[in-house]
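Using the hints provided, position chain B relative to the given structure of chain A.
Now for the letters of each chain:
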Amino acid sequence: MSRFEESAPARGGFSFDLCKRNEMLMQKGLKPSSYLKTGTTIVGLVFQDGVILGADTRATEGPIVADKNCEKIHYMAPNIYCCGAGTAADTEAVTDMVSSQLKLHRFHTGRESRVVTALTLLKSHLFSYQGHVSAALVLGGVDVTGPHLHTIYPHGSTDTLPFATMGSGSLAAMAIFESKYREGLTRDEGVKLVAEAICSGIFNDLGSGSNVDVCVITKGNREYLRNYMLPNPRTYVSEKGYSFSKKTEVLLTKITPLRELVEVIEGGDAMEE
Amino acid sequence: MGDSQYSFSLTTFSPSGKLVQIEHALTAVGSGQTSLGIKASNGVVIATEKKLPSILVDEASVQKIQTLTPNIGVVYSGMGPDSRVLVRKSRKQAEQYYRLYKEQIPVTQLVRETATVMQEFTQSGGVRPFGVSLLVAGYDDKGPQLYQVDPSGSYFSWKASAMGKNVSNAKAFLEKRYTEDTELDDAVHTAILTLKEGFEGQISGKNIEIGMIGSDRIFRVLSPSEVEDYLQEVE
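Taken in order, these protein sequences are the chains called A and B. In terms of our numbering, the first sequence has 107 at position 90, counting the first letter as 1, and numbering is strictly consecutive. In terms of our numbering, the second sequence has 57 at position 34, counting the first letter as 1, and numbering is strictly consecutive.
Hints were generated in silico from the structure; no laboratory data involved. Errors might be hidden in some of the hints.
[Said to hold, decoys possible] Across the chosen pairs, the derived CB separations fall in these ranges:
#1 Glu129/A / Glu82/B: 16 to 26 Å
#2 Glu240/A / Glu249/B: 23 to 33 Å
#3 Tyr241/A / Ser191/B: 45 to 55 Å
#4 Ala192/A / Glu249/B: 53 to 63 Å
#5 Gly149/B / Asn238/A: 45 to 55 Å
#6 Ala110/A / Gln146/B: 33 to 43 Å
#7 Val108/B / Glu240/A: 32 to 42 Å
#8 Val140/B / Thr137/A: 21 to 31 Å
#9 Leu47/A / Pro93/B: 44 to 54 Å
In this text, a Cβ means the ideal position worked out from N, Cα and C, and glycines have one as well.
Pulled out of the complex, with its shape left as it was, chain A reads as follows (with noise of 0.2 Å):
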């Protein structure tokens, strides 16, 4: 079961070579290449009727935000969906895979998919990779079974929670949470709480910033609340537009025309084949 795609290496799955001539090269001193890192605040809850799911929008390359309104909270099945953090290529490459796991599994079975199902994927092929897939994700869906959230981190453990937060927000996401979730809470509650702990990571931590987006996720249906909140608009747009100083002036144009080109046709043949 474990390695199912032709496109990786032929055989053998992950060769860590590389991975140990990495850190030789870092002991002599070299800077490993950037990543975009998703600084992140995701978070998720089990309200009375489901499960919803909430992250920000921002997107860092170090100190520079890369991306101001990325999607954070990636499909997985019709009702599952699945907040990453951590490296976005990670995130995106690893939900995309099971994603597709689970289609052919559903295909197979005739079944709708199962959360469990998800988790499992998820943690296999994290564990396999040792921590060095960076995806740490929180896990949310309906299926038979009821309402579940997980969360799994890089290393490929994973946790079963009423509420949980992740990401370099998570405390202030989780300060939220821990003195305002209880059980049996109704949808616009629970959305609520979820777009407020967002909101706390957006505004006290600096990876995390833009807009909210929240997934709701009930027995039978999912609402994709895609920008549920724009807490950080754009105000001030100067009327007057943007003009350059005098000093950056353009100056007239000068067009030098190129020597004309001259044919000579002197009266000789035609070249010989």
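Here is chain B on its own, set in the frame of chain A:
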């Protein structure tokens, strides 16, 4: 004749230029239960007999028509277990195509990949050809399509086709009845009548299977009660 000396080895041509094993595979298909497909102007219908070896078999657990993708379905004639393997491989290929191109696989591409698999098994060591012919029905941007794939790996697009025991009678019947602009519901009726032609015993919703795809592009297998409704309309 000289052919029989070459009939045991798959990967050896006979003097007459045939691969006798593939001919035998086609014979296996020809002794399988009848199945057929009809392409209408706004969809495709495929149907098959579902004769079970004994009345003790739980017929609800047997499904011959399978879904490959939400908009492509398949039926077979010949050896059931061989078709299961092909269905599994085709589903995986469709999924891999989607992962690579983020686009639902077009019907022609899936048929070509399935045919490639079947051809590989006619040119490898230690394997035998698949003993099934498949009828693939799908609806994509090019409209409704129906393909037949043979054990040799060759495939053709058909307006209407039949395979299995009663193939010659069924094809003759279809040739007479087929019109270019037939509607999907009429095509279902034609399919039922064609199956009825060579049916031994009493036809009912429990011993035939019908799958169809319309302009909504969702392939589905009809339940026995829906099949009964169509049967009553025909009578």
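Cross-check of the supplied hints:
| no. | hint | verdict |
| --- | --- | --- |
| 1 | Glu129/A / Glu82/B: 16 to 26 Å | holds, 24 Å |
| 2 | Glu240/A / Glu249/B: 23 to 33 Å | holds, 32 Å |
| 3 | Tyr241/A / Ser191/B: 45 to 55 Å | holds, 54 Å |
| 4 | Ala192/A / Glu249/B: 53 to 63 Å | holds, 56 Å |
| 5 | Gly149/B / Asn238/A: 45 to 55 Å | holds, 51 Å |
| 6 | Ala110/A / Gln146/B: 33 to 43 Å | holds, 35 Å |
| 7 | Val108/B / Glu240/A: 32 to 42 Å | holds, 40 Å |
| 8 | Val140/B / Thr137/A: 21 to 31 Å | holds, 29 Å |
| 9 | Leu47/A / Pro93/B: 44 to 54 Å | holds, 48 Å |
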